[in-house]
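> Okay, here's what each chain looks like letter by letter:
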Amino acid sequence: MAKYFVIIILLILLFLIFWNLQKNTAPRNRLDLLSSRYIDQGPREVGSANLVTAVVVAYRGFDTLGEVIVLFLAATGVGFLMQKRQKAYPKSNPASEILRTGSDVLLPVIILTGTYIFLHGHLTPGGGFQGGVVIASGFLLQFLARPESRIKVRKLHFIESISGFFYVLSGLAGLILAGGFLDSRFLPLGKWGELISAGAIPLIYSFIGLKVGSELVGILNNLKGD
Amino acid sequence: MVEPIYLFIILPVAAFLMGSLHQHLNRWQVFIFFTVLLFSFYLPIPWLIHLLKGGSTAQVFTAGFLPPISINLQIGIEEAFLMTIINLLGIMGAFYLLHHFRGTVYGPILYLVFIMGLNGIIMTRDLFNLFVFMEITSISLYSLITLSGSSENLTAGFKYIIASGIASILFLIGTIYLYYLTGTLNIDVMIASGYKIVGPAGSIALIMLLSAIIVELKQFPVNGWALDIYTASDPGIAAIIAGGSSSAMFFAAYKLLPLWSPSLSSIIAGIGIMTYVLMNLMGLKQVKANRLLGYSSIAQIGLLVGLSALLLHSTPVTGLTTIWIILGGLLINHLLAKAGLFWISGLIKGESLSSWSVLRKYPSLLFIFACLLMALAGLPPFPGFWVKWNIAMQLAQHKQFLWLGFIMLGTLLEAVYFFRWFGLIMKSELTTGIRVRISSLLPIFTGTFLMFFISLTMMNLLSGFNFNMLLPILIATLIFALKLIPGKLKALMTIFIIMFYFYFLLPELSGLYRLFAIIFFPLSALFMIAAMNKPGYRNGYFELLILIVLSLGNLLTSHTSLQFFYSWEVITVATYLIILRGVKRFDTALLYLVFSLAGALMILAGFSYSYAVTGSTFLGILGSSNSQITIYILLVGGFLIKTGAVGVHIWLPGAYAETEDDFSPIISAILSKTGILGLLLVLLLMGKSFAANTELNTILGWIGVLTAFLGALFAIFQEDLKYMLAYSSMGQVGYIVLALALYSHLGWTAALYLAFNHIFFKGILFLAAAGIIQRLGTRKMYEMGGLINRMPLSFLAVLISIIALSGVPPLSGFGSKWLLYNALLEKEWYLQAALAFFASTVAFLYCFRLIHSIFLGQEKTRFRQVKEASLWFLIPQYVLIALIMLISLFPNIIIEPIAQVMADFIPATLSWEGNTLMSSLGYWNGNVIMIITMGVFMIPLIGLLLRVRSMQKVKQFNIVYAAERPDKPETTHVAHNFFPHYQKALGFLVTPLVSKFWAAVSEWCHTIAGVLRNIYTGNGQTYALHIVFMVVLIYILAGV
Amino acid sequence: MREMAFLGFALVLLGFWAMLTRKNILRIIIGFTIIDSGIHLIIVNLGYLPGRTAPILEKGMRVGDLSKHFVDPIPSALVLTAIVIGLAVTALMLVYAVRIYERKRTLNIDKYRELKW
Amino acid sequence: MIMVSFYILGIIILLAAILAIYARNIVTAIISTGVISLLVSILFLLLAAPDVAMTEAAIGSGLTTMVFLYAYNRIRRIRERNDG
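Protein chains in written order, with our numbering: chain A, 5 to 230; chain B, 4 to 1043; chain C, 13 to 129; chain D, 34 to 117.
In short, the hints are calculated from the structure, not lab data.
One thing to keep in mind: the hints can contain errors.
[As the list claims (entries may be wrong)] Here are the in silico distance ranges between beta carbons for each label pair:
1) C:125 - A:180: 53 to 59 Å
2) B:152 - A:148: 29 to 35 Å
3) B:783 - C:122: 53 to 59 Å
4) A:33 - B:152: 52 to 58 Å
5) D:42 - B:1010: 52 to 58 Å
[To be verified] Listed below are several chain D residues computed to face chain A (Cβ distance under 10 Å; list not exhaustive):
6) 43
7) 45
8) 47
9) 57
10) 82
11) 84
12) 87
13) 90
14) 91
15) 100
16) 110
Here a beta-carbon is modelled for each residue, glycine too, at the ideal position from N, C-alpha and C.
Generate the whole structure from the sequences, applying the supplied hints.
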């Protein structure tokens, strides 16, 4: 009980700290130099209509590389931790016929949707990560519908590796052809608002989308068990 | 030069491709793995060279925009340096882990990304990017920790995830609010716009960020999880965590230093240094090797954190290079040494400290182990030593004496548990259980070799390259390499080398130094003749002797306090090792080391204080007028520990008595004079106006005379021959201290004369004891008796030496006492004189006992057949007897040069008329006294020698225990408990108060450590609670 | 919006409460994800300016003068990264939970105390 | 209007959080956690951050929940095998 008491006291104090933090933060009525610059120059500089995408892929592309690596690490780590798993769990119950048929029908649609999302990352909300997750959810549906099915792990790894490879390669292209590593402007910027525009952003987001999608499928597949 | 950005291209690409292509790559996988690691190691090196040559710091821009619009990386000299060593550690660590990585592709991938993450943490200049890289390293570690797959791996890893997860939450909150306040994420811009980080919001944001960093740096008290990680994870992983990720995180903290407000940075300093002290304190209770290494790792990082905050923030920066030497040196010292120790731990199967005794079977590994421990304890010739020196100098210069004291305390505690461990390894039962793989050995050896190299570089930077300082170590190592030379030949070589060195050294020295050189070189060479007696290789013994004696020479040629301190520490360590070689129980040697190191730290503090006030390490200037008392107290205190003054003497009897029989004379007769040299130097170099007049000299005098009195008193109640001689040594050195404290020409002449005399007779006594013990196999005096028939030559030697010792005419001892009393009366120290006189009487008692118990009395049947002591013991004894006779007959041949040397410092009050020495109080003619007394003395002696051959009859009822069987037969012997009446009268004076006091200190330390470490409950939730607690605490301390 | 920030902090504290008091490690992980959601809310809220729209250009908008109409895109970009990192950490924690359960047959964190002092 | 929906959502979110912490059934707790993410993603829409909203909805409420359920499923199967 004493322990709970200590925890409560500490959390109350922590709350007071947060309170103090938020209370003393002056509300904002205009943007700072840096974000204004992103908004004002972004469409011209990188050609992306979605400025969050401009920040994520172009200005802070290096963070995004890190983010992709983090997800890659998670997938690798899950594989690493699960590689010594014990086999022969009881089988789970087969899913209903409706779910099976439904998922078969839905899978292509979901994949298409995912592709749409990452291809339009520079125009509409969403991008590589969101698109990748959507694709993964299609496979998730498959797993649910057919627990006994096996996905082709090697193919999955191949997609993951190659898309990752090309992602870094496109970053390298930025270094060689444009201003720096992960500079998306080594392709023509085009006219903003069009699908083929914003330099290499759609390309980069496609690689990211494929990579994220295959990694997440990998994680789910590893966790699902046999 | 390769653009650093390629690190973030090649490493991820390699990692991505290895994931899918491993089936096709097969063996190439290892090749690719190492090629990539080699590349990452190579990358910063040209940059480092370029920057060392004065090139400018380079920026790497990403995304084709300039910062702060996009993220930039920086490679300056610090980054290049740190990347080089971390990536080197990366390769060595990978090599070590190679066998784990067979058959799994995940391990190498995670490892590569981990290394990349570390480089990212070092180079990035963007706060959020720093967060991303921190996550990359921690997430790869989460998986790597489970490498061996034990359940401890998993639970420890889970605690790590919880702690690190909370840390990243705090980091994110801090980061986003800082962004909100400053409008940027770029660290440099943020620092430049620090004025915007104001008010409670700014402070709290900083506190959040700081708390996260403190968690990641594993500082007290938020580090329970880290200890578990070090304990549970594979040693190869623990090595890269301790070396790699801690160092990178430290650099991240270092980068952010300018952000903190003064109050926050003093909190950081406090947390860091408290971590250092408390972790080392808690380390005392640790019995698991890896956990102990964990405690030490955390402590070292704490020291780094604390120092960086102290030196770079809250005080004005002066001498930036020195500070870089401190931080860089400490980092590299810790990184290589700790990684090496973890790697060794991977070879050993047991987890307890004593299971490492298996290292004894592998001398080269043991050697490496000792080197690594010494490096961490800050002993020469490793980088840690230069760092320790600089820390003291810098902190003193910044007037941070309190922190300096804490750091020294931590250093001492660390040395205690490390060297206790070393002693345990050397002395506990040999265990089996080691797995040696070449791939594991390579990184261990490379790392240690590198450390020597770096130490050389640091020496170069700090004091200029000084070949003389290295020479002792080089020669000792060389001899050590010639393993298979028989001991006798080595003894000869040792004597030869010492005399050769003396021959070259002598012309460089003058005056006082020349006298001490005579003490240190020819006399110790003479004592070493005794070593010819022992068969076998005696590996290590002669090497260490050479190291000690040659370093004594360096002590004399030192011009700066750094050189002096360096040689001083070399002597300390070498003496410790040589004692440890000989003793049966390691705590004797440990006691010696701990007290010596404590003394050395006091000396260091004194030197640093002097540096702080004079700005110079030149030995000729020790302090200026306003700080002399402190310097005097510190330095004299330090040297007094070395002389074994009363109160800090408890190391002395064990060290003198338990060590090998042929080393006892050297340590008690010769090495005890290093303390005297130190005291004399302090008194000389402090400047006459202060040192001649200070009241502190009176205290010093009292300490000396009390040591003389109590030493003699302790000696008379000993049953063990060598312990008696050891206490006698303590007492005799007490007289010397007393004489030095007089600060008069007569006093100092007496001091040095006493010193020479002490060397002569104590040398004889210990050598004779060695001879007797070798023949009899016992050290208990009551078991001996009647040896005058068996060992007449030893008897004669002992007889002459105790006459010299007790200060009765005609031998040299009389002269020395005469000078001393003259000097005391001249100074009107009557009380001291009386006590010194009384002490001499007490000394007479144990001298009597020596003769009576050992040589006279009833011959024991079991020793009927013993022969005279070995010739190798007798030769030095008789050379010493000749010397005693010589100076007894012609005292002027030694007193005159001493008096002359002393006259350089203090106007002489002694004069000579022919062979007669005149002082203001009287005169002494050695020859006349000698001849008269000889006549009186020789007659009974001859009679004794003639009569002693016949057996003595014992009366029939001469038994004490009438009807009872004594439980201990030896107690019936008359020589046991020889002075019961005196014990009744004076026994209260020898109650071991001092030993009890120090035992209590030790016990209290252990108890406090035991209580403190209870906060590490092993529960991940408690550790999480600690973090919340720390956030609140910092908030309260910062006073937002 | 101040209220939004407090909701975020409330979630953080609730998450901490779960982390510090619940014994089942799955609940601890749940606590962790709750804290994550709270943090994301706080971050996004700091980028919000009342009355402004999402920083996505639509047809007809004039480039160069939009910093008065859009909210700050940077916090959104940071949160995207944070969400992905949160997923990675959560996934690893869960795998840990599975593996620990495999070894120790319990999810109670109090039972994982073989290492201490 | 925005404020009203915010308050309603906020209260539901807090309730869901308490449910996630205290629900007997771990599956209920997992689902509640998903619900929190989903509702928070609606708040992101109110805060003019559709990108974040999408991500939070997809990752926070969708994928994380599934990973949770899968992990729990495995734990349950280990338990069953152990019992059986």
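> Check each numbered hint from earlier against the structure, then list the numbers of those it violates in ascending order.
6, 7, 8, 9
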